[in-house]
Every structure is written in C-alpha cells, then in structure tokens.
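Student: Sequence:
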Amino acid sequence: MNTSDSSEALVCCSGPQRTTACLPLEGKSNAGGHRPGGFCPPFCPNPCCSLHHRGAAQQQQWWSDHGSYHTRIRGPVPRYRCRRCRRCFSSQTFSTGYYLKVELPLPLMYHTLVGGMSLRAISRTLGCSMGSVLNRLARLSR
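If you're matching positions, the sequence shown starts at 23 in the working numbering and goes up one per residue.
Quick caveat, the hints were computed from the structure, so don't treat them as lab data. One or more of the hints may lead you astray.
Stated by the list, open to error - Derived DEER-like restraints, expressed as beta-carbon distance ranges:
1. N68 / G138: 40 to 46 Å
2. N157 / R96: 16 to 22 Å
3. R164 / G89: 26 to 32 Å
4. H92 / R146: 29 to 35 Å
5. G138 / I95: 26 to 32 Å
As the structure is a computational prediction, the values presented were derived from the model and not from experiment. Where is the CB? At the ideal position from N, CA and C, for every residue including glycine.
Take these sequences, add in the hints, and give me the full structure.
Tutor: Encoded structure:
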C-alpha cells in the first residue's frame, strides 16, 4: 500500500486525520458500508490482535461491516468485523453505554456532581438507584 496516497489510507474518523473514505457518500445512506454520522472503529477490541492499538489500526482499512442488531434503546446498532483476527464487535463497544439497558444523561450527571450535589441527590433527581449513578461515574472516569 502506498502511504503517500491519502485516499487509500483509512484512519479513525475522529480528529484531524479524518479522510473522505470514512464519510458516507452523498445521496446514499449506507454507501460503502459506512453508517450515517461517519463512525469508524478506532481499533480492534481484541487484546490479542495486532491491530488492538490505535497506531497500528490507523494504517489501513482493518474492519468490514458485519450487519447490525436492534436494541430497545438505540434502535439498529451496526456491527463490524476485524479483518485480521475476525473478531466481531459493534459501535457500542467503544461507547460509555456499552452493555447498559437504561440510558442516563451523563453530561447532566457530571455537571451536578461537579456542582457539589451528592450521589444520593443525583440518583433522586434522575429517578434511578445510587448504584446506577456510581456505575456511570466509574464509566466516565475510565
């Protein structure tokens, strides 16, 4: 692969390295396997894969589309497959809402905590348990 040709190199869609290969084509919602919003998986989630680190994964188009599944909260969630290790994963794998069944407003939770509100008061305000608030705050800290 010629590294000087930027159209061949597919990198993560976040930051200044975003390429036209990651963007959905005009007039086509899912053209070329890219979802609306231009999500590109940043790295392979398999720790045993050689593309598990961001630097290695940014050098090539290392993933391919692998269908989608439907959730009650988010609707259809796209799935991907690593071309090196064949591991399947979804766009939610990289999200703070991974494996959660109830979505809570994380920005509101963060701002109320920084503003000095107690965990119990936050849980009363959001109408959830204090354990849920602790779980989400632990996810935010990672």
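Student: Is the distance from the Cβ of G138 to the Cβ of I95 consistent with 26 to 32 Å?
Tutor: The hint (26 to 32 Å, Cβ to Cβ) holds, given that G138 and I95 are roughly 30 Å apart.
Student: Looking only at beta-carbon atoms, does the pair R164, G89 fall within the given range of 26 to 32 Å?
Tutor: Given a distance of about 28 Å, which is inside 26 to 32 Å, the answer is holds.
Student: Could you see if the CB distance from H92 to R146 stays within 29 to 35 Å?
Tutor: The hinted range 29 to 35 Å holds for H92 and R146, with Cβ atoms some 32 Å apart.
Student: Could you tell me whether the CB distance from N157 to R96 stays inside 16 to 22 Å?
Tutor: holds (18 Å)
Student: Taking 40 to 46 Å as the hint, is the beta-carbon distance of N68 and G138 inside that range?
Tutor: holds (41 Å)
Figure legend: structure checked against the earlier numbered hints; every hint is met.
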